[in-house]
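Each chain is listed here by its residues.
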Amino acid sequence: MVKKLHPKLTERVSQDVWAEGIEQPVALLELIEEQPGVIAELAGYSVISSRQFSREQIVQLCRLAAKYEAQQIFSQFPLTGKILISAFYEPSTRTRLSFESVWHRLGGDIISITDPSTTGIAKGESLQDVAEMMNHYGDVVVLRDSNNGAIYEMLEGLRIPIINAGNGTDEHPTQALADIYAILKWRPDLVQDDFPEEKKITIGIIGNPARMRTVRSVLLFLAKFSEGIREVVIITNSIQPFSDDQREELEKEGLSFRVSNDLDGSLPDMDVVYINAIAWVGDSYEEHGIEYKLSKDSPLKKDAIILHPLARGEELSTDLDKTDHNWYFAQARGAVFVRMALMSSIMRF
Amino acid sequence: MVKKLHPKLTERVSQDVWAEGIEQPVALLELIEEQPGVIAELAGYSVISSRQFSREQIVQLCRLAAKYEAQQIFSQFPLTGKILISAFYEPSTRTRLSFESVWHRLGGDIISITDPSTTGIAKGESLQDVAEMMNHYGDVVVLRDSNNGAIYEMLEGLRIPIINAGNGTDEHPTQALADIYAILKWRPDLVQDDFPEEKKITIGIIGNPARMRTVRSVLLFLAKFSEGIREVVIITNSIQPFSDDQREELEKEGLSFRVSNDLDGSLPDMDVVYINAIAWVGDSYEEHGIEYKLSKDSPLKKDAIILHPLARGEELSTDLDKTDHNWYFAQARGAVFVRMALMSSIMRF
Amino acid sequence: MVKKLHPKLTERVSQDVWAEGIEQPVALLELIEEQPGVIAELAGYSVISSRQFSREQIVQLCRLAAKYEAQQIFSQFPLTGKILISAFYEPSTRTRLSFESVWHRLGGDIISITDPSTTGIAKGESLQDVAEMMNHYGDVVVLRDSNNGAIYEMLEGLRIPIINAGNGTDEHPTQALADIYAILKWRPDLVQDDFPEEKKITIGIIGNPARMRTVRSVLLFLAKFSEGIREVVIITNSIQPFSDDQREELEKEGLSFRVSNDLDGSLPDMDVVYINAIAWVGDSYEEHGIEYKLSKDSPLKKDAIILHPLARGEELSTDLDKTDHNWYFAQARGAVFVRMALMSSIMRF
Numbered sequence: 000m001v002k003k004l005h006p007k008l009t010e011r012v013s014q015d016v017w018a019e020g021i022e023q024p025v026a027l028l029e030l031i032e033e034q035p036g037v038i039a040e041l042a043g044y045s046v047i048s049s050r051q052f053s054r055e056q057i058v059q060l061c062r063l064a065a066k067y068e069a070q071q072i073f074s075q076f077p078l079t080g081k082i083l084i085s086a087f088y089e090p091s092t093r094t095r096l097s098f099e100s101v102w103h104r105l106g107g108d109i110i111s112i113t114d115p116s117t118t119g120i121a122k123g124e125s126l127q128d129v130a131e132m133m134n135h136y137g138d139v140v141v142l143r144d145s146n147n148g149a150i151y152e153m154l155e156g157l158r159i160p161i162i163n164a165g166n167g168t169d170e171h172p173t174q175a176l177a178d179i180y181a182i183l184k185w186r187p188d189l190v191q192d193d194f195p196e197e198k199k200i201t202i203g204i205i206g207n208p209a210r211m212r213t214v215r216s217v218l219l220f221l222a223k224f225s226e227g228i229r230e231v232v233i234i235t236n237s238i239q240p241f242s243d244d245q246r247e248e249l250e251k252e253g254l255s256f257r258v259s260n261d262l263d264g265s266l267p268d269m270d271v272v273y274i275n276a277i278a279w280v281g282d283s284y285e286e287h288g289i290e291y292k293l294s295k296d297s298p299l300k301k302d303a304i305i306l307h308p309l310a311r312g313e314e315l316s317t318d319l320d321k322t323d324h325n326w327y328f329a330q331a332r333g334a335v336f337v338r339m340a341l342m343s344s345i346m347r348f
Numbered sequence: 000m001v002k003k004l005h006p007k008l009t010e011r012v013s014q015d016v017w018a019e020g021i022e023q024p025v026a027l028l029e030l031i032e033e034q035p036g037v038i039a040e041l042a043g044y045s046v047i048s049s050r051q052f053s054r055e056q057i058v059q060l061c062r063l064a065a066k067y068e069a070q071q072i073f074s075q076f077p078l079t080g081k082i083l084i085s086a087f088y089e090p091s092t093r094t095r096l097s098f099e100s101v102w103h104r105l106g107g108d109i110i111s112i113t114d115p116s117t118t119g120i121a122k123g124e125s126l127q128d129v130a131e132m133m134n135h136y137g138d139v140v141v142l143r144d145s146n147n148g149a150i151y152e153m154l155e156g157l158r159i160p161i162i163n164a165g166n167g168t169d170e171h172p173t174q175a176l177a178d179i180y181a182i183l184k185w186r187p188d189l190v191q192d193d194f195p196e197e198k199k200i201t202i203g204i205i206g207n208p209a210r211m212r213t214v215r216s217v218l219l220f221l222a223k224f225s226e227g228i229r230e231v232v233i234i235t236n237s238i239q240p241f242s243d244d245q246r247e248e249l250e251k252e253g254l255s256f257r258v259s260n261d262l263d264g265s266l267p268d269m270d271v272v273y274i275n276a277i278a279w280v281g282d283s284y285e286e287h288g289i290e291y292k293l294s295k296d297s298p299l300k301k302d303a304i305i306l307h308p309l310a311r312g313e314e315l316s317t318d319l320d321k322t323d324h325n326w327y328f329a330q331a332r333g334a335v336f337v338r339m340a341l342m343s344s345i346m347r348f
Numbered sequence: 000m001v002k003k004l005h006p007k008l009t010e011r012v013s014q015d016v017w018a019e020g021i022e023q024p025v026a027l028l029e030l031i032e033e034q035p036g037v038i039a040e041l042a043g044y045s046v047i048s049s050r051q052f053s054r055e056q057i058v059q060l061c062r063l064a065a066k067y068e069a070q071q072i073f074s075q076f077p078l079t080g081k082i083l084i085s086a087f088y089e090p091s092t093r094t095r096l097s098f099e100s101v102w103h104r105l106g107g108d109i110i111s112i113t114d115p116s117t118t119g120i121a122k123g124e125s126l127q128d129v130a131e132m133m134n135h136y137g138d139v140v141v142l143r144d145s146n147n148g149a150i151y152e153m154l155e156g157l158r159i160p161i162i163n164a165g166n167g168t169d170e171h172p173t174q175a176l177a178d179i180y181a182i183l184k185w186r187p188d189l190v191q192d193d194f195p196e197e198k199k200i201t202i203g204i205i206g207n208p209a210r211m212r213t214v215r216s217v218l219l220f221l222a223k224f225s226e227g228i229r230e231v232v233i234i235t236n237s238i239q240p241f242s243d244d245q246r247e248e249l250e251k252e253g254l255s256f257r258v259s260n261d262l263d264g265s266l267p268d269m270d271v272v273y274i275n276a277i278a279w280v281g282d283s284y285e286e287h288g289i290e291y292k293l294s295k296d297s298p299l300k301k302d303a304i305i306l307h308p309l310a311r312g313e314e315l316s317t318d319l320d321k322t323d324h325n326w327y328f329a330q331a332r333g334a335v336f337v338r339m340a341l342m343s344s345i346m347r348f
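Each protein sequence line maps, in turn, to chains U, D and G.
Quick note on numbering: the first sequence equals residues 0 to 348 in numbering that gives the first Met the number 0.
Quick note on numbering: the second sequence equals residues 0 to 348 in numbering that gives the first Met the number 0.
Quick note on numbering: the third sequence equals residues 0 to 348 in numbering that gives the first Met the number 0.
It is worth saying that the hints were derived from the structure and are not from the lab.
Careful: at least some of the hints might be erroneous.
One copy or any two copies: either way a pair holds, since identical chains are not told apart in the list.
[What the hints assert, rightly or not] DMTMM-like mimics (lysine to aspartate or glutamate), calculated; alpha carbons at most 20 Å apart, straight line:
(1) K321 / E286
(2) K321 / E124
(3) K198 / D302
(4) K292 / E124
Here the structure is a predicted model, which means the values were calculated and not measured.
Chain U on its own, in the form it takes in the complex:
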């Protein structure tokens, strides 16, 4: 090797991983008892809303994800010969690549529609007709659409399951699965029913529950674990942080809310800090609370973890990447395993 060579090029790639929480799904795996019947219930269902999942189903999916993550060896390919229709009608990389990676790891093949302008939809085809077509060509559909209602329209014509990968400003339940999986890996004891007051956690959400589908979906999941949650603090400058009866529904399920526009004043209380600044709306996006930023200088609780659905902008400083607060990389990694758990469960029919 001559000079002029970038130092990284004289090193073999390393599988060392420094991000917190990235390697320890084992505790979760050990704590939760396997209940195969609960997973079996999922076979053949479409997934559109976080509301569809029971607490037990979430816990068992996280257990299965932990099993995949702990083994890291996929010597079996249960989905050989199965075809995923990857339909992303809205810009996306992470979610699309995540689903496609998962599907290939499970042995399946993929056919894709990425650009609506290259599709029959350009000819004014109805979504029900598109659905009818998909019945013949694949075994499951993953859809992202900027229109909240499109997935419900397709559901009418489908005889194969469809998975919601983000429908407008409404929901993004598989991202929420990744979020709850990260939280449960960090604190496996949250799966317990009985919870002493001093162990309860405070969750901060920097974002707008009315407009952000990731936040909407994860709140529905957090509600299933409300015994362990002291309070959810919403940090926002929006005058309408909740939509319609969103708050009422979540409170009825057991969550307590506080809304504040003071991030730094609230941070010292938070055990989990969930931050997101982008809400996708149609072909564009809205930014929410971009004046709220997290960095190494933020008054974070010593053991607090930070979650972010990624991709991030300026709201989350890279100077946090190499700190123990960084659980967003663990969350991103876990997204693969929890989607693997979900897809293999759905397809067991």
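Using the hints provided, position chains D and G relative to the given structure of chain U.
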């Protein structure tokens, strides 16, 4: 499951299928004697025109499609390790996804060119050079191009087979295979040579044979079964419904034509109604006879079946979907199996 | 078969191959002794620059390529379950399809990012965050980017290997591997250390080493075989044919240069003629020396071979295709096998 949930989400997906003709390829399978030699003749050929197929080859391909459709189990992957080059230079979803689905079901892998602007063609590369490249990278090419002659140019440079998935206004032979497969499933007796007058059928084509590649290709196939066809009625308001010597060629092969601009007056005679309103021309499309519409209120013969290459527009009302006239969904479904039959036959070399 | 049929359609595809050099990797295979340890050194490395490879590594990679090319049977799929992330942020077909074909031939699966506007990058995501994502979703990345430095930025965040498929005006090392593989198939004796003066070859490069990444990368490889190279003649009308210390670096490694703007006067001396007229710069390209053209009428040495990275424009006449000078088709074909050799070596970890 809480309230607020779409009723469809509390149901497991159903494999029940209500569309007519979607499940009965068995009769066809039983009526036709297997002739493996006829299929073997197809190995290693490119497919560009409906003219290439003999009546026996069409019948045996439909037989093989029926076998695939009846079994519905693809436990063998004869094309493992084989690569399809999916080259769609014109907007398409159905045909592209259909070929890609078929190829994966047979075990093969796919590399795709969907957007000419991301290809070497943007650099002004000749189609023969593109063909030379494809020889090295794949085992078969599927091409859709808005230029009628492009596929013939590529043929000059290719040493692997190429399949025409629509070349401008010229032909679309694999769609025609799907069409004839649907017709033969509906009336397996059409494969017989000897045909009593009273059993002959009248086929209506609502569209323009001069400009529509789907119509051009299916007429060439219908000509092979002219013993069973009393008359083909072309419903059009075009003053030039045929191109060059198109009509002469088809009549010589045995078809009788009548041209009419009166749809409702002609419908009561038709046993098969083939409707299409779009002809792709270059990057855009022409609409033909959009004043001709089919709906539940149309004076259809009681047992008439409707075919449509899809995607549909307003010319075909969705109120027909749940009637016995709907064979267009069966036709779409069959497109998968008949392409499966074709591709596995072509690749047997 | 009726009349009106293109004559090619009545022929089965032929596997006959007329292009020179396309079928004879055997001599190379026999001349080089296998050194498994040298290939093993490559496992787990990223490939960004031609500078990374030792002469021995190049020779052994070409040997492995020759083995793949001679056998032509890929009954084993060593990369089953492995995922390639195909990230082409700049227009490309040949290189992308070549890598994708190679990966599939080795049994692996692919997830693709072709259009930056459909990716998270549109949201202003940093390349390091993209790299972190890729760690979770795939096993290796192939990147083409019009920005010279992008691949180095990604390298910072990656824990899986990345392969440079062209970084701006800088390098394209796997194309250079294809080039050197073609040269070594043509003259296997160039792998020898000891070289009689009369057997030395003259290499002509029609292009601009300062601006063309393919030329930059292949020159670094040629320098490893300088014992057998009398002179490299650069044909250019540029007043600055070399960048910075490019010429000095290459001369230090043993190459002798002559720069000329007279193509036809220089051709009679050249044993290898490497021609390229396009340099990719950003989203567009520069043309260099388009007044230099090769055709059957060029004063080529009788045994001279012509190489071209393709796609070609007017600089290389198609009337040379069916002559013995045409080694550019052999070079294109070899690109598949040498990338196969590289990727299977890199992934052996």
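Run the structure past the numbered hints and jot down the numbers of the failing ones, going up. 1
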